[in-house]
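Given chain B's structure and the hints, the job is docking chain E onto it.
Protein sequences appear in the order of chains B and E. With full-length UniProt numbering applied, the first sequence has no gaps in its numbers, which climb one by one up to 279 at the end. With full-length UniProt numbering applied, the second sequence has no gaps in its numbers, which climb one by one up to 279 at the end.
Fair warning: there could be bad hints in the mix.
The calculated lysine to any residue pairs, modelled on SDA-like cross-linking and capped at a C-alpha distance of 25 Å, are [to be verified]:
id	chain 1	residue 1	chain 2	residue 2
1	B	Lys-116	B	Pro-138
2	B	Lys-116	E	Pro-215
3	B	Lys-116	E	Asp-277
4	E	Lys-256	B	Leu-219
5	B	Lys-234	E	Arg-119
6	B	Lys-116	E	Arg-119
7	B	Lys-83	B	Asp-44
8	E	Lys-116	B	Glu-273
Derived coverage of chain E by chain B (criterion: at least 3 residues anywhere in the stretch with Cβ under 8 Å from a Cβ of chain B; other residues may be distant) [stated by the list, open to error]:
id	stretch
9	39-48
10	205-215
11	255-268
Simulated from the structure, these hints should not be mistaken for laboratory data. Positions of the beta carbon are idealized from the N, C-alpha and C atoms, including for glycine.
Protein chains: 2
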Amino acid sequence: MTVDTPTLDRLSINLATVRQQWGLREAVEGCARAGIGAIAPWRDQVAAVGLAESARIVRDHGMRVTGLCRGGMFPAATPEGLKAAHEDNLKALEEAVTLGADCLVLVVGGLPDGSKDIRDARRMVEDGIARLLEAAGPAGMPLAIEPLHPMYAADRACVNTLAQALDICDRLGDGVGVAIDAYHVWWDPDLEAQIARAGRAGRILAYHICDWLVPTTDLLLDRGMMGDGVIDLKRLRGLVEAAGYTGLHEVEIFSKDNWWRRDPDEVLATCIERHRDAS
Amino acid sequence: MTVDTPTLDRLSINLATVRQQWGLREAVEGCARAGIGAIAPWRDQVAAVGLAESARIVRDHGMRVTGLCRGGMFPAATPEGLKAAHEDNLKALEEAVTLGADCLVLVVGGLPDGSKDIRDARRMVEDGIARLLEAAGPAGMPLAIEPLHPMYAADRACVNTLAQALDICDRLGDGVGVAIDAYHVWWDPDLEAQIARAGRAGRILAYHICDWLVPTTDLLLDRGMMGDGVIDLKRLRGLVEAAGYTGLHEVEIFSKDNWWRRDPDEVLATCIERHRDAS
Numbered sequence: 001m002t003v004d005t006p007t008l009d010r011l012s013i014n015l016a017t018v019r020q021q022w023g024l025r026e027a028v029e030g031c032a033r034a035g036i037g038a039i040a041p042w043r044d045q046v047a048a049v050g051l052a053e054s055a056r057i058v059r060d061h062g063m064r065v066t067g068l069c070r071g072g073m074f075p076a077a078t079p080e081g082l083k084a085a086h087e088d089n090l091k092a093l094e095e096a097v098t099l100g101a102d103c104l105v106l107v108v109g110g111l112p113d114g115s116k117d118i119r120d121a122r123r124m125v126e127d128g129i130a131r132l133l134e135a136a137g138p139a140g141m142p143l144a145i146e147p148l149h150p151m152y153a154a155d156r157a158c159v160n161t162l163a164q165a166l167d168i169c170d171r172l173g174d175g176v177g178v179a180i181d182a183y184h185v186w187w188d189p190d191l192e193a194q195i196a197r198a199g200r201a202g203r204i205l206a207y208h209i210c211d212w213l214v215p216t217t218d219l220l221l222d223r224g225m226m227g228d229g230v231i232d233l234k235r236l237r238g239l240v241e242a243a244g245y246t247g248l249h250e251v252e253i254f255s256k257d258n259w260w261r262r263d264p265d266e267v268l269a270t271c272i273e274r275h276r277d278a279s
Numbered sequence: 001m002t003v004d005t006p007t008l009d010r011l012s013i014n015l016a017t018v019r020q021q022w023g024l025r026e027a028v029e030g031c032a033r034a035g036i037g038a039i040a041p042w043r044d045q046v047a048a049v050g051l052a053e054s055a056r057i058v059r060d061h062g063m064r065v066t067g068l069c070r071g072g073m074f075p076a077a078t079p080e081g082l083k084a085a086h087e088d089n090l091k092a093l094e095e096a097v098t099l100g101a102d103c104l105v106l107v108v109g110g111l112p113d114g115s116k117d118i119r120d121a122r123r124m125v126e127d128g129i130a131r132l133l134e135a136a137g138p139a140g141m142p143l144a145i146e147p148l149h150p151m152y153a154a155d156r157a158c159v160n161t162l163a164q165a166l167d168i169c170d171r172l173g174d175g176v177g178v179a180i181d182a183y184h185v186w187w188d189p190d191l192e193a194q195i196a197r198a199g200r201a202g203r204i205l206a207y208h209i210c211d212w213l214v215p216t217t218d219l220l221l222d223r224g225m226m227g228d229g230v231i232d233l234k235r236l237r238g239l240v241e242a243a244g245y246t247g248l249h250e251v252e253i254f255s256k257d258n259w260w261r262r263d264p265d266e267v268l269a270t271c272i273e274r275h276r277d278a279s
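Same shape as in the complex, but just chain B (with noise of 0.2 Å):
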C-alpha cells in the first residue's frame, strides 16, 4: 500500500505529549509557532486555565481541537458512584461543546473496585454511554469511543478492540463512533477488517499516532515518536483513509523518561517531521 506524505495541516497535538512541560497556553502558543494548527487538550490542562479562557486561547490562535480527552470512566462499584460518573461525563461534554471540539474522547473505564466482572464493567460501559449520548445528540458532539490495548482492560478501559467498539456503536446508533489509536489496535489480528467496518459506518472520528518500542518499559508511559517502533504507520494511515477518513492525525505520545523530558519545542519539530517521514 502506497501513501502520501501527509501535509502539516493534517497534524494535531495531543497537548499529554507536551504536559510535563506546557500548560495548555504555553501548548497553543508553541504549536501556533511551530506552524501547527490543531490540538487536542486534556480536561486537567483545560481547568488549570478555566474553561472560559482556554477556549478563548484556542480561539485566539485559530486552533482547531481534534478531541477533548477525556469523558469515560463509566462503571463503578455503587449507584453513586455511576451517578456521579455520569455528572462528570455532563461537565466534559459541556467543556467539549465550548472549546468546539470534534469530539469528545471516551476512555471507557475498566473494573470497579474490587470486581473481577469484567461483563459487568462492559454493560456498565454501554449504559453509561447510551445514557450520555442522550445528552450529546441533541448538543451535535460527536461521542469518540476509543476502545484501549488490552493491557489496560482491568484499570483503564475494558473495551479492547475495535470490533467490540464498533459493535457497541451499532447498538446505540448515531453520534457515537470511534477513536482509532495505533498504539492500541496495531496488534489486532483483525484489523483490517474492523477499520474497513468503521469506515463504512461513517464511524471514524479521530486517528492517534505514536509507536510501539521494543522493549516497552513501562505499561503507560513508555509510548515511542513515530518512527521509533515497530508499527507500520504508513500502512494503518492508508487503512484508515481507504476506509474513507479525511480528518487529522493527532500525536499523542505519554513518555515520562524520553519526551517528556525534553525542550518542548523540540518534540514538536520532531512530531512534524515524524508526522511528514514515519507517519
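Coordinates of chain E only, in the frame set by chain B:
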C-alpha cells in the same frame, strides 16, 4: 456459573513458577513432597540437568508432564534464521517426546529484527507450525499454540487471540491445538465463544492459570498468584470445563519481585491453597 472445588490431582506446576529458587531436580522433589503429581518444565531447566536425566527424574517421581515450554519463535529475518528455528523446534519436539509431555507448548515469536510487518510474521508462524507438524504428527506429540497477550505481539508472540490461534488450527488440521492461559486471554470480549469453539473442535490441550495484578508493574515478570488479581478464574475454568476440557490446571507465575523471592516450599503451598480456593 458454579464450579466445583478442584482437587489436588488436577494441579500442575509450571516450573517457571519456582525457577529462581530451584533447578528441575529440586523442583520435582519439592512438588512430590507437596503431593503435587504434575509439572511443566522449561527447556533450559531440562538442559541444565540433561535430557535423559530429566526424564529419569520425572519418571522416578511418577510425575505427569503437562507440557514442555517451549517450542516456537518461528519468524526470522533470513532463510538461515528460519532454518535454525525449525531445527531448534525439532529438538524441542524430541525433548517433549522423551519427557512424555502431554504437548509441546508453542510461543510462536514476534517480529523479526527490523521488521514492522506483523502480517508477514504471522505467515512465518503458520508456515513454521505446518512444517513442525510434519514431524510432530508421526511422533504423536500434540502442538499447543499459546496465544499470548497483545502486549507481547512485537517481541514474543504475534498470535494474540484464541480466535486467531483456532483459525490457524482449522487451516492446519489434526495434531495442533491451543494452550489457554488465563493471563493472556482473560480480557478478550470474544472469550466465551472462542473457548466453546476450541472445545467443540477438541483443541484445548492445556489450561494455565495465574492472575492479573492491578497495578501491573512489569510487562513480563509481574504475574500474580491466583486470587491476588482481577481475573475471575473460577468462571474461566467453568467455561473451559464446560467446553469439555478434563485436563490439569497448570500454575505458571513469573514474578521477579515476589514469588521468585520466596521460599519455594511456601510458593508451592500457596499454589495448592489458591488452586483449591481461588481457581
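Straight-line alpha-carbon gap B:Lys-116 to B:Pro-138, limit 25 Å: violated, 35 Å
Given hint E:Asp-277 paired with B:Lys-116 - CA-CA distance at most 25 Å: Within the cut-off at roughly 15 Å; holds.
Agreement of E:Lys-116 and B:Glu-273 with the hint, judged by alpha carbon distance not exceeding 25 Å: holds, 20 Å
Verdict on chain B covering the stretch 39-48 of chain E, where coverage means 3 or more residues with a C-beta closer than 8 Å: violated (count 0)
Coverage claim, chain B over the stretch 255-268 of chain E, checked by counting residues with Cβ within 8 Å (three needed): violated (count 0)
Coverage claim, chain B over the stretch 205-215 of chain E, checked by counting residues with Cβ within 8 Å (three needed): holds (count 3)
Proposed proximity, E:Arg-119 with B:Lys-234 (alpha carbon, max 25 Å): holds, 15 Å
Given hint E:Pro-215 paired with B:Lys-116 - CA-CA distance at most 25 Å: Within the cut-off at roughly 14 Å; holds.
Restraint check for E:Lys-256 with B:Leu-219, where alpha carbons must lie at most 25 Å apart: Between E:Lys-256 and B:Leu-219 the Cα gap is close to 17 Å, so the pair holds against 25 Å.
Proposed proximity, B:Asp-44 with B:Lys-83 (alpha carbon, max 25 Å): holds, 21 Å
Pairwise hint evaluation, E:Arg-119 against B:Lys-116, where the allowed Cα distance is 25 Å at most: violated, 33 Å
The structure shown violates the earlier hints numbered 1, 6, 9, 11.
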